[in-house]
Amino acid sequence: MTTAETTHDHHDEGSYLTPKYGVMGTIWDWMTTVDHKKIGVMYLFAVLFMFFLGGVAALAVRLELLEPVRVAADGTITGQLFGPANPESIATGNNIFNRLFTLHGAIMVFMFIIPSVPAALGNFFLPLMLGAKDVAFPRLNLFSWYIYVVGSLFGVFSIILGGVDTGWTFYTPYSTTTDADHWRVLLMVLAAFVLGFSSILTGLNFIVTTHKLRAPGMGWFDMPLFIWAIYATSIIQVLATPVIGITLLLLIFERLFKVGIFDPALGGDPVLYQHFFWFYSHPVVYVMILPGMGIISEILSVHARKHIFGYRAIAFSSLGIAAVSFIVWGHHMFTAMGELASTIFSALTFLVAIPTAIKMFNWIATLYKGSIAINTPMLYALSFLFLFSIGGLTGLPLGALATDLHLHDSYFVVAHFHYTMMGGTVIAFLGGIHHWWPKMFGRMYNERAGMIGCVLVFIGFNLTFMTQFFLGTQGMPRRYASYIDEFQTLHVLSTYGSWILLAGFLVHLFNFIHSLVAGPKAPPNPWGGLTLEWETESPPIEHNFHHEVLVQHGPYDFDTVVPPHCDEREFPLPETPASH
Amino acid sequence: MATIDAPNPDIQATGAQTHPLYWKNRGFAHHFRNADEQFDACKLGMWLFLSTEILLFAGIFCAYAIFRMLYPEAWAAGSHHLDWRFGGLNTVILLLSSWTVASGVRAAQLGNNAALIRNLVITLICAGLFVFIKLYFEYIPKLSAGKAPGTFFSYPYAHDPHEPLWWSIYYIGTGIHALHVLIGAGLLIWVLVRAIRYEAYGPTEYTMVENSALYWHLVDLIWIFLFPLLYLIH
Amino acid sequence: MSHSIDDVHIPNPDFDPTDPHATGQGHHGHHIISAPTLMIVLLLLLFFTALTVGLSRGEVWVQDTFDIILPNWLNIIIAMSISVIKATLVGAYFMGLRFDKALNSIIMLVCLAAVVCFLFFTAIDLGNRDSVSAVRATVPTPGGTGEGLDKTADRFSTALSPRISTNRMPITEFRRTERLNELALKQAEDHGRIEPNDEDKAAGEAEFWRIYYQGYVDKGKHPHRHEHDEHNYFTKLPDHFAHHDDDALEPVSRPDVAGVADSSPNFSFRRTGKTPGLFSEGSEHASDHAAPASDH
Ligand code: HEM
Ligand SMILES: [Cu+2]
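Protein chains in written order, with the working numbering: chain A, 22 to 601; chain B, 5 to 238; chain C, 22 to 317.
One thing to keep in mind: the hints can contain errors.
[What the hints assert, rightly or not] Result set (DSSO-like, lysine-lysine): computed pairs, CA atoms no more than 27 Å apart in a straight line: (1) C/122 to A/233; (2) C/207 to B/146; (3) C/222 to C/207.
Hint data in this document are derived by calculation from the structure and do not stem from the laboratory.
Turn these sequences into a full structure, and let the hints steer you where they fit.
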């Protein structure tokens, strides 16, 4: 890739990370920054903190489920983690359990996974990959980070006040009547409402950036697939999130004023709430997964040194998923709807599998005959392929009306969405963090530690959630604090798995800290990538590029182009470049 | 949005024209290639924002449609309590204000600051009138007669048992719409103040006028649908 | 400021009407919509407003004059078609979509497509509960169950709404009972009694129904809609008004198919064998009661 001299160059600039003022000045500088890179990093730390909070709740939930709550003949209670162990306190224990899984779900969905990839990595890399100096509306970008923080604070505050026991779905009429003597539920609903705005603004910003700020020479089909994925995600964010806004607003009215729209006592319809909720929340599962899929496209092609297979198919399938996601929401409410709607939604649900499978096959074809480097990002990408296949395929029995009536609200559903959200998005997110870590912070991480962490996460994850498929098919319902004795073996395995997962995350955490403190300096292009972010320094300079970028090759032309800042001996071109 | 204030030393110092916000002194943010691109980006952003607003109202329209489908009688009965003359008057007011605000954009494009100010003032008067009619002739009399949403409903002569639901939809729909009227008016006031104090808008710099106007038209658009849905059922 | 977006470029400020943004590069001009166009659009919008009001009044007139009841959808179709025309006018001219980048119109269309999906599929579900098997029909308690409205905590409630106990009555009925009691009490007071007797109660009720139908009397109209309306709760009230008796309808009940009669929205029943009513004789009976009265 060549760059052209233009009038506004930024030769003498340092890294965006270089502090220019004193301690307070630097903090102020970060808090008021409009630099997309700093905002991306701020998002990264914020969402990782939320991941930690949600993770603690998850571990607590698993710990409670290590043993079923048993009442012996003499009245002694075993297996109850929360609350005093006497028969009267079982309800208290259950109550605490309900609050824990709600806390886990709400934090993970609204505060971690939705903003995770788009807001953290997207913010940092979208303008870089487009060859732009910033996102289209930098101040709006900062504003949306603050909205995110305020929303999260509402949520945390609600938890400090005692938590919410509605589940992350806030189904009415339970959510409008529970804890009637407290503001907690309102606060949590308000948190989700406010976070929605942050999500909308980020999506809006990215769409405009993609349309208006592509570097000269970059057509739509010269964009990296990560951008396509983020673009499709943003469309969903912009179109679906307002509906959750009005839904939660109505819920707030319902709680405060008893307006009755969702309340059967006043002639309203609780199933209407479910329609409203899932009109947003189904598309939002693709807000979670699409950016992850984008990361996988990048990692696989760079670390296998292969042109991505089926570029357009992957790009259009992102848009296809976005489109289809708006007409399948009913599959979450098969037990609540009439047969006609259920049948239609069931049929439509199968459509989703098509674009998803297209991507999957293209990725696998990309690996074929590639020179695959086994490193942490690649291991994560391979884990993704494996885990997300399971997640997606188990979606099909859930989408089939006949089987879902059995599986609905069981651990099978829990396992399914963890395979998609954690096995998919979180795994891709971790892969992406490793892939771009040198670029973001200018330091290499320890490859061996990274791979050990990845293997631990992979094993721990499968142990935790594979068992839950079996529990679900055998009839273990979700959101229960206890279970029949027959389920204990699988539950115990699952809980052990969660500890292995924790170990894996801790390895990563220490690896990252070590890298920041003592990691070797990263070269500008450690993996030999061809997308524009590898063109600039590691970490990037203040205004991203020294010169205005002019795009002259595609993002995946590994056959024909020597990567920028790289030695041809290190990343040799194939012998017969034009043979296929 | 990202248009930033920077004085242009070449401009002669006469009154507002030295101010960095004077339209000729305005530039564009460095991450755009030119002012046109910035204008297009801002407008694109605004249209995306408008589509989120439409989807927000879609929730209310959806609840309306479902309940009208399920309880058509309640909707007819509820609508009988509304006077189409107030609704119609408000429609005319909003249409007029949409016209003035469109003319305001035109004035800005032509560099006619006086006409811009005039049009904005008329628009704002319309906004005030709209809210006044809504509150004084509709909300207050109805609420004091007990025609209120949900458990607040205390009107004993309901013709249909689902009437409280109608009132819920009515107040939430028109209430959120009225809130948008106020937000739109707030934006227009801001534009007005800058137009008066700095002559901030002219042929090369009218993004804010255009976008506030778009917002205002959206408020009008929503009302175009709300009016017949609420007032003209029988 | 370090990373400043305030690093601005000042374009040549000399105004050239053919080049409003004075950038000279990649320029396509901004359409300035002419004043007459704006005026014509405004007049059209006002005309359509008058038209929609006129047509809706016209429908009422037709109903009253010919003593017929027009189908419900007619009103919606007419009103919404006119609204769509008006919205298109506003969008195309006032908002300038006609002269703008196609992208902005596409955004609107995509957004409207999402709205349509939302309305369409939600309506499919809630409007067709009974179309495959009648037992799934939503037979809501008219006006709601009224249950749990007074369910609040001991300490305080975050709900700002009045705390009422309706005795499992829908709120409309509850308010009506309240007013009937009040009126009876007033009659008793007028006659110097403390407890209203039957006579007072009857007088109170008469007063109630007088007010109830006052609106129609004022307009010199016959409240015919309520006679034909099986879903109007008040038509089912016993003998207040003679003409209600003529049209008295059977009370709504669930279909009398094996195992179904004794189920209610609150109590499920065992579903074994064929879906009741779907293939049996009872199907006709089962479905005709359940469809909400959407037209007359
Ligand atoms: C491959 C296509 C997919 C299909 C066909 C599918 C299908 C389904 C179905 C039918 C359910 C409802 C199960 C029930 O409640 O009975 C469900 C639940 C869920 N799915 Fe998927 N899914 C797919 C992919 C995904 C992805 C990619 C994600 C997220 C990244 C996801 C996240 C979820 C979540 C969070 C739930 C449970 C929500 C709740 O009830 O709390 N799914 N899925
Ligand atoms: Cu779904």
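**Request:** Report the numbers of all earlier hints that the structure fails to satisfy, in ascending order.
**Result:** none
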